[in-house]
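Asker: Given the structure of chain L, go ahead and fit chain X onto it with the hints provided.
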Amino acid sequence: MKNIIAKFAISLLIGGLVLVAVTPARAWQVGADFITGGGWYLFGGNSNPSFPGSGPIPSSCGRQGRANFGWHGGVKNGAFWGNGNYKDHECGLHVHNELVRDYVCVSGPCPSAMHHQSGTREICGNASTNVGVSVFYRVRMNDTEPESAKQDKFGIILYTTDTMTEVYGTEGVPINGGNIELHMGNRSNTAPAASNFCDLLRAHTSVDFTFD
Amino acid sequence: MSKTRYLRLSIVALAIGLSVSVAVPGPASAQLSLPLLGGGGTSSSGTSATALAATVLGSTTTLASTGTLANSWDALGAELDSGSIPAGGADVLEATAIGEGDFVSSKASLADLSLATAADTVSADFTMATAAADSYGGTAGWSEVDGLVVDGVPIIPTGDVNQTISLGALRVVLNEVTPAANGITVNALHITTLDGLVDVVVGSATAVAP
Numbered sequence: 001m002k003n004i005i006a007k008f009a010i011s012l013l014i015g016g017l018v019l020v021a022v023t024p025a026r027a028w029q030v031g032a033d034f035i036t037g038g039g040w041y042l043f044g045g046n047s048n049p050s051f052p053g054s055g056p057i058p059s060s061c062g063r064q065g066r067a068n069f070g071w072h073g074g075v076k077n078g079a080f081w082g083n084g085n086y087k088d089h090e091c092g093l094h095v096h097n098e099l100v101r102d103y104v105c106v107s108g109p110c111p112s113a114m115h116h117q118s119g120t121r122e123i124c125g126n127a128s129t130n131v132g133v134s135v136f137y138r139v140r141m142n143d144t145e146p147e148s149a150k151q152d153k154f155g156i157i158l159y160t161t162d163t164m165t166e167v168y169g170t171e172g173v174p175i176n177g178g179n180i181e182l183h184m185g186n187r188s189n190t191a192p193a194a195s196n197f198c199d200l201l202r203a204h205t206s207v208d209f210t211f212d
Numbered sequence: 213m214s215k216t217r218y219l220r221l222s223i224v225a226l227a228i229g230l231s232v233s234v235a236v237p238g239p240a241s242a243q244l245s246l247p248l249l250g251g252g253g254t255s256s257s258g259t260s261a262t263a264l265a266a267t268v269l270g271s272t273t274t275l276a277s278t279g280t281l282a283n284s285w286d287a288l289g290a291e292l293d294s295g296s297i298p299a300g301g302a303d304v305l306e307a308t309a310i311g312e313g314d315f316v317s318s319k320a321s322l323a324d325l326s327l328a329t330a331a332d333t334v335s336a337d338f339t340m341a342t343a344a345a346d347s348y349g350g351t352a353g354w355s356e357v358d359g360l361v362v363d364g365v366p367i368i369p370t371g372d373v374n375q376t377i378s379l380g381a382l383r384v385v386l387n388e389v390t391p392a393a394n395g396i397t398v399n400a401l402h403i404t405t406l407d408g409l410v411d412v413v414v415g416s417a418t419a420v421a422p
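Order-wise, the sequence lines are chains L and X. FYI, this note's numbering numbers position 181 of the first sequence as 181, with every residue one higher than the one before it. Count along the second sequence from 1, then add 212; that gives the number in this note's numbering.
Looking at chain L on its own, in the form it has when it is part of the complex (with noise of 0.2 Å):
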């Protein structure tokens, strides 16, 4: 009896070790849906937590200081959808997004159903800098209902494009100013199949956003 159970549990280590191989790891589900915003916040110091720049993103970046940022994203007729701009106002540094790789839900109902409903989505992609380098990046972007309670938050993370390092990061938890809003899904929103880009660059991040 004692053998037939560590056989079993040894076979349900192997079973469990395919799964593993297989299944990424708390992988997102395409967001079918769009997410729109504009705003500002103050990040480092007494406000919200940042990640400095280093590697190629100069380390007098995301120290200390106010970030502006316009970004939209969603999938629309079997495509991922979106474009946008991040300016550190400390440095300078700005980001300029020139693909978006994916668009996810992280929290929240995946559609959105209807149109004031709270929700959080990631958009991922390649971007272009002003300091010379191409970047792959994560924003995520939280719409909270109801809009007079001013939660809604915004965050950025930047990595190499070689090794997918993470060089950058701030986040509005909440924004300072703006608004970002969750819309509902349409018939436009026949969304690609996944990416899982999203995971991936997740997956080679040490410090993460502090919201979901």
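Derived by calculation from the structure, the hints in this document are not laboratory data. We put the CB at the ideal spot given by N, CA and C, even for glycine. Any given hint could turn out to be false.
[Said to hold, decoys possible] Some, not all, of what chain X presents toward chain L, calculated at C-beta under 7 Å: (1) A287; (2) E306; (3) I310.
Answerer: This is chain X only, laid out in the frame that chain L set:
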């Protein structure tokens, strides 16, 4: 025999694992099916947003403009890192227009507005205009202006519709709202010179009922 039993048990264990994996709710990497959302018209002509538009000496410059939604389930966006107009410029410009079936909305925002005419200056840290309309006749609109300074004088937005400031040769309207029969337009800032040579709209959002 032993290897065969291990193999069989492994298959059973894998099946159990897969069953548990499927049964336990959690994030999945599979794409969602197309949402079956009904309602909504097929036209929302006029729903659009523009981050910055300036007419100076008869010449018009428009920056980060979405164009008009093709229908009530369309989505449009525009953005620009930095943009210049004859009288100044701004950073982090963004505009979006989104259709949600029986509801449409648009918004436009920018940072670091800087304008200078012959005699006056205007700056703002951030502006945003938002407009929304639904197919049942409802409209809504609002704006946000942070860090507005006109000719060196800080201006505090009251939140009132059409808050108007006259300083020097400038007329500045905050939260300019223009209702229409089936929609609404909101301008976060509308700046004009008294001689009519400069007309700048900072953050303009229009929503027309689908």
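Asker: Indicate, hint by hint, whether the structure satisfies it.
Answerer: Hint check:
A cut of 7 Å between beta carbons decides the hint on A287 (chain X): the least distance to chain L is about 5 Å, and the hint holds. Satisfaction of the interface hint for E306 (chain X) is found here, the shortest Cβ-Cβ separation to chain L being roughly 3 Å, below the 7 Å cut-off. A cut of 7 Å between beta carbons decides the hint on I310 (chain X): the least distance to chain L is about 5 Å, and the hint holds.
In summary, this structure violates none of the numbered hints.
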